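K.L.:
Here the structure of chain A is known, so what remains is to put chain B in place on it, guided by the hints.
2 protein chains.
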Amino acid sequence: MKKTELIDQIRSKNSYLCVGLDSTYEKIPEHIKKTERPVFEFNRQIIDATAPYAIAYKPNLAFYECRGLEGWKDLELTAQYIKSTYPEIFLIADAKRGDIGNTSAMYAKAFFETMNFDAVTVAPYMGRDSVSPFLGYKDKYIIILALTSNAGSADFQYIKSANGKNLYVEVLEKSSLWGSDENTMYVVGATHASDFEEVRKIIPSHFLLVPGVGAQGGSLEDVAGKGMNSECGLIVNASRSVIFAGNGHDFAEKSAKECENMQQIMEISLRNKKII
Amino acid sequence: MKKTELIDQIRSKNSYLCVGLDSTYEKIPEHIKKTERPVFEFNRQIIDATAPYAIAYKPNLAFYECRGLEGWKDLELTAQYIKSTYPEIFLIADAKRGDIGNTSAMYAKAFFETMNFDAVTVAPYMGRDSVSPFLGYKDKYIIILALTSNAGSADFQYIKSANGKNLYVEVLEKSSLWGSDENTMYVVGATHASDFEEVRKIIPSHFLLVPGVGAQGGSLEDVAGKGMNSECGLIVNASRSVIFAGNGHDFAEKSAKECENMQQIMEISLRNKKII
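Heads up: the protein sequence lines correspond to chains A and B, in order. When we follow this note's numbering, the leftmost residue of the first sequence carries the number 20, and every step to the right adds one. When we follow this note's numbering, the leftmost residue of the second sequence carries the number 20, and every step to the right adds one.
The set of hints was computed from the structure by calculation and includes no laboratory data. For clarity, every value in this text was computed on a predicted model and none was experimentally measured. Please note that the accuracy of each hint is not assured.
What the hints assert, rightly or not - Stretches of chain B that chain A covers, calculated by requiring three or more beta carbons in the stretch to come under 8 angstroms of a beta carbon on chain A:
1) 118 to 130
2) 267 to 280
What the hints assert, rightly or not - Simulated crosslink set (DSS-like; lysine-lysine; CA at most 27 angstroms straight-line):
3) A:K128 - B:K46
4) A:K46 - A:K220
5) A:K220 - B:K179
6) B:K179 - A:K92
As the list claims (entries may be wrong) - Quick partial rundown of chain B residues pointing at chain A, CB under 10 angstroms, derived from the structure:
7) I26
8) D67
9) R86
10) G87
11) L88
12) Y144
13) L154
14) G155
15) D158
16) K179
17) S180
18) L186
19) S194
20) S195
21) R259
No residue lacks a Cβ here, since even glycine has one placed at the ideal position from N, Cα and C.
Okay, chain A solo, but in the shape it has when bound (with noise of 0.2 angstroms):
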């Protein structure tokens, strides 16, 4: 997907939500479980109810992953019906790969050729060669982890370089030299919306994925107010607090309503920087 086709997206749905699809199996609700594949079934009605709403989706491997093969059959078949019924959508494979040089070649075949996504979350602690062969991939992204919303990030990303940098200044200096902002994202957590003025006067033009709303307790205003560019720039994700909404008959449709609340948010934003 181009840039351009996201921006366009963005000012259709007067959004730019992206909904985290952290299927757990436990969590979903029990009529669900008595389908045939209860987590693609979920999170179908999950996709049908907020693709209104939502700019993107991102599962995140881990949640497939903990059901070996069954889990991955589920994450295959939610990527290929993401794909096929609303192929404007941006997806994201929150992976956080990264590898040696023809490893990390492999992890890009499986998220950009075996599978579809627009865009991988990549780890940027073994530098350029390992970020590389993802960029080789007209039209496809990587997001590169730059500031993450958990507590832990304190411990080396606030690392101060002898020049005075933040270990997360480096990592964004260097790698937004490895491509451009139409095939490299970041990773800027919402419970650090106090960096945003600094991230962004690093790399003014590059898209942001911003988890850490909603259940970790990052504030959407906060992240709009320091992060928009004038192109938007944002892709806004919230996981737990949305598609476990509820969980009786109308999940998927409370679902809807929280995305809804975001979206309202999101339009304000938007027409405040005069982007829509």
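P.N.:
Coordinates of chain B only, in the frame set by chain A:
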């Protein structure tokens, strides 16, 4: 597996060799491609031939994920085969995972419960809560990336912090306090032999998983000389140079011969250190 059991195996085989099962479908011998499950059949024959010399096997997940469901099935069959046929052998999932706490817990479930791996490689960038869910499993190990064998390791792992320490040193110092040498190991690449003395000052008793010997150019003798401790403390991996040593009907014997050559060098270094 307990650390003492791993050391017992090293002493009984006079070896600290790990065989990396980076089993690219395209590279396996033609006659094996005609069998029902070529990658599993290739792995099974390699394992049976090399088990006298290897104390560990390490499938890298990328080489299985790139073939989707079929690849994942080969991985599960391979892990099951090793644990049922050679239960004394240390089984490493080279997955380089790491995510926020509740998500890393799902990865831990995937590798330690759904599949019965003894250890999984993890990336440190997201900090303590991305790693700690793996530490809750008795007799299981995380192997944290410290100093990787690839060229890109120079991009961030050697960034000097304000207190004069390389990032990889910060990772060793901080993360070694999260667990102990009974549940934590580290990846240190053979291509950085000159850093092994520095590493051993910080973590004298942890096991090191050492990639980068063979195809990547690291020297086994250097690693043994500088990285070995009184319990050996080394698991040296070779992947492509072993598993693709031949591609005819005798491919497995050629792999075994390659392993025997490495084992003989390892035996000398173990005798020199009076470990055997």
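K.L.:
If a hint holds in the structure, say so; if it does not, say that too.
P.N.:
Hints versus structure:
no., hint, in the structure
1, 118 to 130, "holds (count 9)"
2, 267 to 280, "violated (count 0)"
3, A:K128 - B:K46, "holds (16 angstroms)"
4, A:K46 - A:K220, "violated (41 angstroms)"
5, A:K220 - B:K179, "holds (23 angstroms)"
6, B:K179 - A:K92, "violated (44 angstroms)"
7, I26, "violated (28 angstroms)"
8, D67, "violated (24 angstroms)"
9, R86, "holds (7 angstroms)"
10, G87, "holds (4 angstroms)"
11, L88, "holds (6 angstroms)"
12, Y144, "holds (5 angstroms)"
13, L154, "violated (13 angstroms)"
14, G155, "violated (14 angstroms)"
15, D158, "violated (20 angstroms)"
16, K179, "holds (4 angstroms)"
17, S180, "holds (5 angstroms)"
18, L186, "holds (7 angstroms)"
19, S194, "holds (8 angstroms)"
20, S195, "violated (13 angstroms)"
21, R259, "holds (9 angstroms)"
Hints 2, 4, 6, 7, 8, 13, 14, 15 and 20, counting from the list given before, are not met by this structure.
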